[in-house]
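Residues per chain, in single letters:
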Amino acid sequence: MKMATSSERSPPPFPEDLEPEPDEVGDQDSDDGEDIFLGADNPLEIKMDPSLPANDITTKPLSEASSAPVMDILSEPASEASSAPMEDILSEPASANLEVTSAPMVDLLMEPASEASSAPMVDIFMEPASEASSAPMVDLLMEPASEASSAPMVDLLMEPASEASSAPMVDLLMEPASEASSAPMVDLLMEPASDDLKEPPKPDIIDPLADIINDTPLSEVKTPVVAMAQEPPSDLFNDEPSDLFAEPRPSNTAKQPQTSIFEEPDEDLFSEPLGEALKKPQNVFKEAFAPVAKASNVCGPLSDNYNEDPTDIFTEEAITTVPSAVNTISVNSKTNGVHSDEEEPDIFAEATVELSLDSPRNDRKKKEAAKPSVSAPAPLVAASASNPQPKTLEELEEEVEDKFELNISITNPEKVGDGMNAYMAYKVSTQTTLPMFRSKTFTVRRRFSDFLGLYEKLSDKHALNGYIVPPPPEKSIMGMTKVKVGKEDNSSAEFVERRRAALERYLQRVVFHPSLLQDPDVREFLERDDMPRAHNTQALSGAGFLKMINRATDSLSKMTIKMNESDVWFEEKLQEVEAEDQQLRKLHIMVDSLVGHRKELSVNTGGFAKSVAMLGNSEDNTALSRALSQLAEVEDKMEQLHQEQAASDSFCFAELLADYIRLLGSVRASFDQRMKAWQRWQDAQNMLQKKRETEAKLLWANKPDKLQQAKDEITEWEAKVTQYERDFDRVSATVRKEVLRFEKEKARDFKKQIVKYLESLLQSQQQLIKYWEAFLPEAKAIA
Amino acid sequence: MMEEAREGSLSVSVQTIRVTEAVRDGDALTFVVISQKLSGSGEYHVARTHEDFEWLQQCLFSQEVVPGILGVIFPPLPAKPQLNAPTKVLKQLGFLAMGEDWRTYCRALETYLQQVAAHTMLSKNKCLENFLTSSEPPGRQRVRKGIFNRLSQAMDGMRREGHKDVDDFFQTERDNNLTLTGCSKSATERFIDVVLTEQKLAVACGHFSTSLHLCVEQEEDSTVLAFSKICVKLSEVIDSIKRNFESVAENNLSTMGLGLDLESRYQEAEKEMLYRRTCKLVELETASRNAERAKPVKKAAMDELKVAAEKEFDHVSGVAKQEIARFHSARVELLRQALILWCEKQLETARDTSTRYSQHLQAFKELGE
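Protein sequence lines correspond, in order, to chains B and L.
Positions in the first sequence are counted from 1; adding 452 to them yields my numbering.
Positions in the second sequence are counted from 1; adding 1194 to them yields my numbering.
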């Protein structure tokens, strides 16, 4: 069996050594970013701990005899192909392609940070490259194909998130699994890629003993794959840049490393398989597949970089990804045209729409963009791969700040209806220069449950991926009942105003969030006149909402114990967040008592004013009487002042703190999501382990009929493990970025509020001075 | 009574009488009273307890030799300060129990002594001289009697308060006094509430400011650092608010609060004086009735009594009229001073605070992201 597999994997004496290595790189990049640079020269050791269970397979070959690993390695691609993983596969080919991509990247960025980050990478990849002879090359090149397939898949997974993702994914996953032959090539760009990829490993695993059977499909399959893999890079660098952007530089820079590395395989394999297997799809491939393949390449290093050191490289990354995302559109349209696939166009179309909204804004980035645009198709993948996308949006966010393109206000709370069916409707006015909206200003009427509905929709879609979705204010049955009953007293007016302000802040937070702003539901909420009534918002009412958060926190703390945290950052952050939650709650109580005292002071001042007025009335001395009456007026005004100050305290601080206590709940929920992703990954690993054991038992018991099934299951679970691990990495990255963004927002928010508060404080103090100044002559006039 | 020397005038300068501090001695407070000698330089330093003050007040009350002494509006002596007293008792003291180290109370005592010493009729009393200058504390045995006297007065007070006056002037004054007493009392109470709330606010701000300091995290992370900076700055702001409240409350206490308190106690004192006069009026009316109905045998004696009562009542009324006039102008001046001082102090505080706020605001605006 082992013999067989090794022969199938015709090229490699080295590749076995080679493959695990890049693979590690990929793993480490995502898992353990910092380490990789520090210990880039020693990646093997490092890799062991973070992804130990996941990469049993890969580590094994290293330690064990050479014959054993062959099978292992072969099984790995299988999982890759079926589960459409990103980083693993991506980094593997990266040994060849990464160099290509990283080089232009450095050019593009011109940033020391990214340069630094890409440098070690180049090192690492150099190694395999040099080690690898022309033979291993074929191997390496084969992987791009898998990238290609994984790219769209990832795309599907991430982008449409809940809606579209599952269907195509399953399709892609299933199809290759069921189709065994090498025929699919004729099919579509995406599918064939995955199909082909799938095939070679699959035979390996399924029939490791049947040498001859495997041999044939493998070689068959391999050739087209190689062809595909080969083609994209060259295609990409030759065609795309010149076509779309007429920018010579990227193509040059990119081309150079490319050719240097690929020299031999390039020419050889290129023409050969094309003629054989790709006759029909050839033209299609050139335009559509190539970009995709390239895309995944780009995406790979990018996400790697990002994971390695998000805080530092962050911004630089953003710059590179933004343009690529932006420019996708043009490329996308092309790709879409070429695609005959059913799902693809839909998904891409969506992506195109969304991304195109940003494009005008990024005009000034065009120049830079032109270069990444070499990888333009990537964004299909890259944008969806969660890492790049937020980055892109982060960049956009900066611009939003600069240009202030979206201004939302909620006004005119209005009671609609009577009795217990009455509700408050709010006018939501939007002013914007963003082209994603139909017009520059528009107004809709929304009721409270609509806001809750919006939150639910956003939460369903984004919370799962680790996004911090701003929570709306809680339902208040007490407050609303008062309003419903129709008492036009102070407290119900205050309640309405408080809620109005809270809703306004909530909505502003939503649109300020770069990813959420892109959500069609947000747009619908802001624009659409006849909003369908939100249902089931009851669950979110007041106490229920808090309970939900608490529950999330509970399960979170429970999981914390179980989770063997691989990243100190998260551990520390979570602790910080929890400590902060406590502190904010404490502060909130204090501000509440402060507000209470202020109100008390206002009431007491009012009482004093009244008794001074009475004293003045019963005073015989006219001057004194007059002065006392004046004093009473002054005190009356001060009462007003204190009341305003109490309101200001309450609005500036109490509400702000309440908002952030709620937001911290969401932050914790995002940590929770990450934990869940981790849990799922671990569970899958355990399951895989079990399946392996079963297989071993069956092997031992010599039951070939069941063995096949066991092997199928292993393949399936291996795929799941890779998938879940990737999910976890992705969620982790998102959470990390979201938390950083949250902190930034928080600092900005607090500062803004405090400045506002100080202004009001100063103003009322100056008012006070005026009052006293006016009173002083009155006092002096008493004779 | 005792060694009363009516003609003896005070040997200290009235303006210089000070009650500088309250020294805590076990459960009692001892007040240090300082006054400058009129003759040449030098100061009298004496230590007096509240009982000594009460003895002095009693001496002043019981100068029976002075005609019309009952018509005097005696400067009101602040009620006895009690250490470790329950809050309810402290509340009766009002403003005087507030402020640190009984400083407000000392000010009240000081005002009392100055008023007594400045009073033309009372300052001649030897007891005052004794009180201010003698290093030995004066006798304290009379205190009990004094308290008893006032209690018995209060007993039948209810009956005689509503007695119709023969003199319209006094009737109006009594009516006015009644309303003013009520008004000034309630104003004082309201004002106490205001000050108390301000103090509570100061404390609350203090807590808030401290808690904000706890939000500061020692970290290199720039975002976290920025937030920590904001917290520290905000803590400073809240601290400024706290200090503002503290000084506003202190201003209220030391100027308007004290003024209102004195006003309210003086109104009480006037009320008491008016009451004493009313008592005399009742006595006189009883005497005249008795004289009319008296059998011829007793007629002469009754007439004599009536004449004596008439004379005493006239004395009291005469003194009372002077006192009322003096009191009216004094209290207006007193309130005027309090109001002006109050206004000025509050203005000063408000301006200071305003400057501080704008500095904070500036600092915040300059604070980087």
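Errors might be hidden in some of the hints.
[As the list claims (entries may be wrong)] The list that follows gives simulated cross-link-like pairs (lysine to any residue, SDA-like), each with its CA atoms no further than 20 Å apart:
(1) K1232(B) / L1555(L)
(2) K1204(B) / L1555(L)
(3) K1062(B) / E1383(L)
(4) K1038(B) / K1274(L)
(5) K1274(L) / A1222(L)
(6) K1379(L) / N1073(B)
(7) K1038(B) / S1403(L)
(8) K1051(B) / V1397(L)
(9) K1038(B) / K1436(L)
(10) K1465(L) / A945(B)
(11) K1062(B) / K1379(L)
(12) K1539(L) / R1297(L)
(13) K1062(B) / T1375(L)
(14) K1436(L) / Q1218(B)
(15) K1222(B) / S1548(L)
(16) K1515(L) / K1062(B)
(17) K1423(L) / V1207(B)
(18) K1539(L) / K1051(B)
(19) K1436(L) / D1044(B)
(20) K1204(B) / S1429(L)
(21) K1204(B) / K1559(L)
(22) K1038(B) / V1397(L)
(23) K867(B) / Q970(B)
(24) K1208(B) / K1559(L)
(25) K1038(B) / F1103(B)
(26) K1222(B) / H1401(L)
(27) K1204(B) / Q1553(L)
[Unchecked claim] So the derived label-pair ranges between C-beta atoms look like this:
(28) P887(B) / D1546(L): 49 to 57 Å
(29) T1146(B) / L1419(L): 47 to 55 Å
(30) G871(B) / V1426(L): 30 to 38 Å
(31) G1376(L) / M872(B): 43 to 51 Å
(32) N873(B) / D1546(L): 50 to 58 Å
(33) D1546(L) / A1075(B): 23 to 31 Å
(34) Q1230(L) / A1075(B): 52 to 60 Å
(35) V1055(B) / T1480(L): 44 to 52 Å
(36) V1426(L) / K867(B): 39 to 47 Å
(37) L1277(L) / V1055(B): 49 to 57 Å
Source of the hints: derived by calculation from the structure; they are not laboratory data.
Where a beta carbon is used, it is the ideal one built from N, C-alpha and C, also for glycine.
A quick look at each hint next to the structure:
With a CA separation close to 34 Å, the supplied pair K1232(B) and L1555(L) exceeds the 20 Å bound. The straight-line distance between the Cα atoms of K1204(B) and L1555(L) is roughly 11 Å, inside the 20 Å bound, and the hint therefore holds. For a cut-off of 20 Å, the pair hint linking K1062(B) to E1383(L) stands: about 12 Å separates their Cα positions. For the hint pairing K1038(B) with K1274(L), the CA-to-CA distance comes to about 41 Å; that exceeds 20 Å, so the pair is violated.
Between K1274(L) and A1222(L) the alpha-carbon distance is near 10 Å, which keeps this suggested pair within the 20 Å criterion. Pair hint K1379(L) plus N1073(B) holds up; C-alpha atoms about 18 Å apart against a cutoff of 20 Å. Proposed proximity of K1038(B) and S1403(L) is supported: the alpha carbons are some 12 Å apart, at most 20 Å. Distance restraint check for K1051(B) and V1397(L): the Cα-Cα separation of roughly 15 Å lies within the 20 Å cut-off, and the hinted pair is therefore satisfied.
Our distance criterion of 20 Å between C-alpha atoms is met by K1038(B) and K1436(L), whose separation comes to about 18 Å. Distance restraint check for K1465(L) and A945(B): the Cα-Cα separation of roughly 48 Å exceeds the 20 Å cut-off, and the hinted pair is therefore not satisfied. Of the supplied pair hints, the one linking K1062(B) and K1379(L) holds, its CA atoms being roughly 13 Å apart against a limit of 20 Å. Between the alpha carbons of K1539(L) and R1297(L) the distance comes to roughly 18 Å, so the proposed pair stays at or under 20 Å and holds.
Between K1062(B) and T1375(L) the CA atoms are separated by roughly 16 Å; this keeps the pair inside 20 Å, and the hint holds. For the hint linking K1436(L) to Q1218(B), the alpha-carbon distance of about 17 Å falls within 20 Å, and the restraint holds. Distance hint between K1222(B) and S1548(L) is fulfilled; the C-alpha atoms sit about 12 Å from each other, no more than 20 Å. Straight-line distance between C-alpha atoms of K1515(L) and K1062(B) comes to about 31 Å, which puts the hinted pair past the 20 Å bound.
Straight-line distance between C-alpha atoms of K1423(L) and V1207(B) comes to about 14 Å, which keeps the hinted pair within the 20 Å bound. Between K1539(L) and K1051(B), the direct Cα distance comes to roughly 24 Å. Violation of the 20 Å bound is thereby established for this hinted pair. Straight-line distance between C-alpha atoms of K1436(L) and D1044(B) comes to about 16 Å, which keeps the hinted pair within the 20 Å bound. With a C-alpha separation of about 15 Å, the suggested pairing of K1204(B) with S1429(L) holds against the 20 Å cut-off.
This hinted pair checks out: K1204(B) and K1559(L) have alpha carbons roughly 9 Å apart, not beyond 20 Å. Restraint check: the Cα-Cα separation between K1038(B) and V1397(L) comes to about 15 Å, which is no more than 20 Å; the hinted pair holds. Proposed proximity of K867(B) and Q970(B) is contradicted: the alpha carbons are some 31 Å apart, above 20 Å. The hinted pair formed by K1208(B) and K1559(L) meets the criterion: a straight-line CA distance of about 10 Å does not exceed 20 Å.
Proposed proximity of K1038(B) and F1103(B) is supported: the alpha carbons are some 17 Å apart, at most 20 Å. For the proposed pair K1222(B) and H1401(L), the alpha carbon gap of about 30 Å is over 20 Å, so the pair is violated. This hinted pair checks out: K1204(B) and Q1553(L) have alpha carbons roughly 16 Å apart, not beyond 20 Å. P887(B) and D1546(L) have their C-beta atoms about 52 Å apart, which keeps the hinted 49 to 57 Å range intact.
A C-beta distance of roughly 53 Å is found between T1146(B) and L1419(L), which places it inside the suggested range of 47 to 55 Å. Distance hint check: the CB atoms of G871(B) and V1426(L) are about 51 Å apart, inconsistent with the given range 30 to 38 Å. The beta-carbon spacing between G1376(L) and M872(B), approximately 49 Å, falls within the hinted interval of 43 to 51 Å. With their beta carbons about 55 Å apart, N873(B) and D1546(L) fall inside the hinted range of 50 to 58 Å.
Take D1546(L) and A1075(B): their Cβ atoms lie about 30 Å apart, and the range 23 to 31 Å holds. Distance hint check for Q1230(L) and A1075(B): the Cβ-Cβ separation is about 34 Å, which falls outside the suggested range of 52 to 60 Å. Between V1055(B) and T1480(L) the C-beta distance comes to about 50 Å, which sits within the given range of 44 to 52 Å. In this structure, V1426(L) and K867(B) meet the distance hint of 39 to 47 Å, their C-beta atoms being roughly 44 Å apart.
Take L1277(L) and V1055(B): their Cβ atoms lie about 32 Å apart, and the range 49 to 57 Å is violated.
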